[in-house]
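Residue numbers (our numbering), protein chains in the order written: chain V, 1 to 442; chain D, 1 to 302.
Among the clues, some could well be false.
Stated by the list, open to error - Below, in silico cross-link-like pairs of lysine-lysine (PhoX-like), each with a Cα-Cα straight-line distance of 25 angstroms or less: (1) D/106 with V/426; (2) D/241 with V/401; (3) V/156 with V/9; (4) V/77 with V/210; (5) V/426 with D/71; (6) V/400 with D/235; (7) D/173 with V/43; (8) V/401 with D/106; (9) V/426 with D/235; (10) V/374 with V/400.
Said to hold, decoys possible - Listed next, the stretches of chain D that the computed footprint assigns to chain V, with coverage defined by at least 3 CB atoms under 8 angstroms from CB atoms of chain V: (11) 110–121; (12) 254–268.
Quick caveat, the hints were computed from the structure, so don't treat them as lab data.
The structure presented is a predicted model; accordingly, all values stated were derived computationally and were not measured.
Idealized CB from N, CA, C, for every residue including glycine.
Listed below, chain by chain, are the residues.
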Amino acid sequence: MKSQSEEKKYMPELSEKEVEELRKAITDTSQRVVAENIEKMKKADQNRPEAMNYFDEIADFAQREKEIRAAKKEGKKVIGYMCLHAPTELILAADAIPVRVNSGWYDASKLGDRIVPVEVCPMVRSTIGAKMIALSPYLELSDALISVLTCDAMTKLGEILSDYTPVWAMTVPRVKDSAQSIRLWNEEIKAIKAQIEALTGNTIKGKQLKSAIERTQKATKAFRRLQDLRKGPPVIMGRDAMLVNQTYMWDDIDRWTEKTEALCDELEKRVSQKNWVCPTDTPRVMITGTPMIWPDNWKVPTLVEEANPQGILVADELCSSERLLYDPVGVDEWSISDMLNAIGERYLMASTCPCFTSEDGNEDRINWLLTKIKDWNIQGVIYYVVRGCMLYAMEYTRVKKVLDRNNIPVYYLDTEYTREDVGQMKTRVEAFLEMLSARIDI
Amino acid sequence: MSEIPKKEDVEYWRWQEYHRVFSEKQWKNKDIITAGVDVGSVGSKAAIMLDGEIYSWGVMRTGSNSPDSAKKALSWAMEGTGLRVDDLKYIVGTGYGRVNVPMANKAITEIACHAKGANYIWGPSVRTVLDVGGQDIKAIHCDETGRVTSFLMNDKCAAGTGRGMEVFADLLKIPIEQIGEFSLKVEEEPPPVSCTCVAFAKTEAMGLLRKGWSKEKVLAAYTHAMAIRMGNLIKRVGLEKEFVITGGQSKNVGIVSRIEKQLDVKCLPMPDWRENGLDPMIAGAIGAALFAKALYEKEQKS
Numbered sequence: 001m002k003s004q005s006e007e008k009k010y011m012p013e014l015s016e017k018e019v020e021e022l023r024k025a026i027t028d029t030s031q032r033v034v035a036e037n038i039e040k041m042k043k044a045d046q047n048r049p050e051a052m053n054y055f056d057e058i059a060d061f062a063q064r065e066k067e068i069r070a071a072k073k074e075g076k077k078v079i080g081y082m083c084l085h086a087p088t089e090l091i092l093a094a095d096a097i098p099v100r101v102n103s104g105w106y107d108a109s110k111l112g113d114r115i116v117p118v119e120v121c122p123m124v125r126s127t128i129g130a131k132m133i134a135l136s137p138y139l140e141l142s143d144a145l146i147s148v149l150t151c152d153a154m155t156k157l158g159e160i161l162s163d164y165t166p167v168w169a170m171t172v173p174r175v176k177d178s179a180q181s182i183r184l185w186n187e188e189i190k191a192i193k194a195q196i197e198a199l200t201g202n203t204i205k206g207k208q209l210k211s212a213i214e215r216t217q218k219a220t221k222a223f224r225r226l227q228d229l230r231k232g233p234p235v236i237m238g239r240d241a242m243l244v245n246q247t248y249m250w251d252d253i254d255r256w257t258e259k260t261e262a263l264c265d266e267l268e269k270r271v272s273q274k275n276w277v278c279p280t281d282t283p284r285v286m287i288t289g290t291p292m293i294w295p296d297n298w299k300v301p302t303l304v305e306e307a308n309p310q311g312i313l314v315a316d317e318l319c320s321s322e323r324l325l326y327d328p329v330g331v332d333e334w335s336i337s338d339m340l341n342a343i344g345e346r347y348l349m350a351s352t353c354p355c356f357t358s359e360d361g362n363e364d365r366i367n368w369l370l371t372k373i374k375d376w377n378i379q380g381v382i383y384y385v386v387r388g389c390m391l392y393a394m395e396y397t398r399v400k401k402v403l404d405r406n407n408i409p410v411y412y413l414d415t416e417y418t419r420e421d422v423g424q425m426k427t428r429v430e431a432f433l434e435m436l437s438a439r440i441d442i
Numbered sequence: 001m002s003e004i005p006k007k008e009d010v011e012y013w014r015w016q017e018y019h020r021v022f023s024e025k026q027w028k029n030k031d032i033i034t035a036g037v038d039v040g041s042v043g044s045k046a047a048i049m050l051d052g053e054i055y056s057w058g059v060m061r062t063g064s065n066s067p068d069s070a071k072k073a074l075s076w077a078m079e080g081t082g083l084r085v086d087d088l089k090y091i092v093g094t095g096y097g098r099v100n101v102p103m104a105n106k107a108i109t110e111i112a113c114h115a116k117g118a119n120y121i122w123g124p125s126v127r128t129v130l131d132v133g134g135q136d137i138k139a140i141h142c143d144e145t146g147r148v149t150s151f152l153m154n155d156k157c158a159a160g161t162g163r164g165m166e167v168f169a170d171l172l173k174i175p176i177e178q179i180g181e182f183s184l185k186v187e188e189e190p191p192p193v194s195c196t197c198v199a200f201a202k203t204e205a206m207g208l209l210r211k212g213w214s215k216e217k218v219l220a221a222y223t224h225a226m227a228i229r230m231g232n233l234i235k236r237v238g239l240e241k242e243f244v245i246t247g248g249q250s251k252n253v254g255i256v257s258r259i260e261k262q263l264d265v266k267c268l269p270m271p272d273w274r275e276n277g278l279d280p281m282i283a284g285a286i287g288a289a290l291f292a293k294a295l296y297e298k299e300q301k302s
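Chain V extracted, bound-state conformation:
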């Protein structure tokens, strides 16, 4: 008989057979979707950078899964996380592997419906569904999960996943710029460090932490170089850049940095040859809103770049893409306490997640959006929200007011984790792009 503590709080007991069947069905669909998405991306740019081949390969989870499995055999630990506020430097410093575990599988969200109502954010429902049938290699390989309590759905997701894996919750203060918030958050950082040390058996000393920070700083440099290249005439398709950004969530950090630098070298050559991926008068679009997770949730960038008239994604403000790595950890003194404070600051202050508010509301996000619009020369913004994503949905009203004042067209595109509404979304996206093209024609 099972003891009380082993009883699952949320998850049902599924038969081995059912799990097996469901996993096979969803994996088959997913592999087809990945292949299709990459095929479309290849077609979109006839002269696609050679360096993209690497990212196509790593986009297939199987390869990285193999590597992580091998590393685990040698005793390495894997620490998964759901929100960007998880301090990956500490994971790296303890010689463990950080990996983000949010789910992009559409079909898995329908399984999540068995546990939580359909009104809940589909990304969270999908992550629950993925766990039910052991679909995500990264979620399965995680020895522990860091659950940062950003939005309501994320808070409960951590609780649900704790039916299987140890989950370490981190309380993130909703008002980020007060002295007591920073104190609390720094305590959370220290506590998570202790958890990581206990799991891995490795003490995080100054030397390891410095090296980990330097590694992410290098990654940030490569990452920024890529985004900066997108400020000019379009030299890379938005989907390609987005895929590069996303793969950071599961790839080996040093290899990712190296491959991204190689891609940037190639892109720089193209800039000097004025070799653009589409006509330079193609409307320049930015996406902001709910995260979009590979492999299934690729419909919006695909719709924008395959629309008639075509648009080009030159920037986004998504925590699944350009918010991942833009801000480096800024260290003054390489003492362990200073480094920890710098990490704390980077994961709190730099975030523009709508879970935050302050005297001026989430002004950091508004300012960052306006900066991006100016620096990346954005002509239209798509505000993407999945139903159930309360915070992004609510903050739209303010963002729209600001963008209206700045004469930047914005379109609110709401959807679900489904392929069924692609036709209807296509009409909306195309009408928005027609509107932008007409503005550009003037």
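Take the given structure of chain V and dock chain D to it, following the hints.
Positioned in the frame of chain V, the structure of chain D alone reads:
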């Protein structure tokens, strides 16, 4: 064995398919003959224009096959004119089935086309267009040239659309063309039904009928709920005068008068489409044919 003869079912939802030609106009001496084909989820419309002036149009039900519906609508618009597809310099496809218009040179969304078409039908003062289609509603803002400046679209369900009205026509056994007037035959406006979802509203309506409500009252309650939904979409996009309604539901006086009341605004008067006026249902096809002319001219220049 004897069989009970099947009774011919009256199809209350079926609206009149028709076509019109301004036969006093001549196409033979015209330079640019263009067409717009608007394949919607419920109706397919085609319009022929001579140098940017309306010449003829056809309106029919969309079948299960979009390319086929597009072809039929276009032939319907050309019927009796002597025109052949080869005479058309440029064709633009629009509507839900726009990519499935085989003879089209280009596809443009119905959002851009309805704004352009409304500008043609009512003139440059139009700023807000509500297009009530078969399966969705769109609220569109445009400038004095008919160019879209912003828009909103309802989500994918058929609530508050032409298709919903067809379901109700059938349920209440009232011919679709009379449904608007019928819904106004109530002494006092009943509260709206609580849910505009076609499936649920049907159940709710049956409950009301059983409770002893008259058909008119049930219809009024449903139309009221649809009008609120459409009015809210307009409020979200922002109402700016002049305001017009296009699409099949523009002919439903029950909807139009309730929206006017809710928004406290008068729509620009509907052209007398039964006589010599233009049909607001073909606004999308007209817009498409106008874009076709502009695109043809652009092509000739380059």
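Outcome of the hint check:
{"no.": "1", "hint": "D/106 with V/426", "result": "holds, 16 angstroms"}
{"no.": "2", "hint": "D/241 with V/401", "result": "holds, 21 angstroms"}
{"no.": "3", "hint": "V/156 with V/9", "result": "holds, 12 angstroms"}
{"no.": "4", "hint": "V/77 with V/210", "result": "holds, 20 angstroms"}
{"no.": "5", "hint": "V/426 with D/71", "result": "holds, 23 angstroms"}
{"no.": "6", "hint": "V/400 with D/235", "result": "holds, 15 angstroms"}
{"no.": "7", "hint": "D/173 with V/43", "result": "violated, 53 angstroms"}
{"no.": "8", "hint": "V/401 with D/106", "result": "violated, 34 angstroms"}
{"no.": "9", "hint": "V/426 with D/235", "result": "holds, 24 angstroms"}
{"no.": "10", "hint": "V/374 with V/400", "result": "holds, 16 angstroms"}
{"no.": "11", "hint": "110–121", "result": "holds (count 3)"}
{"no.": "12", "hint": "254–268", "result": "violated (count 0)"}
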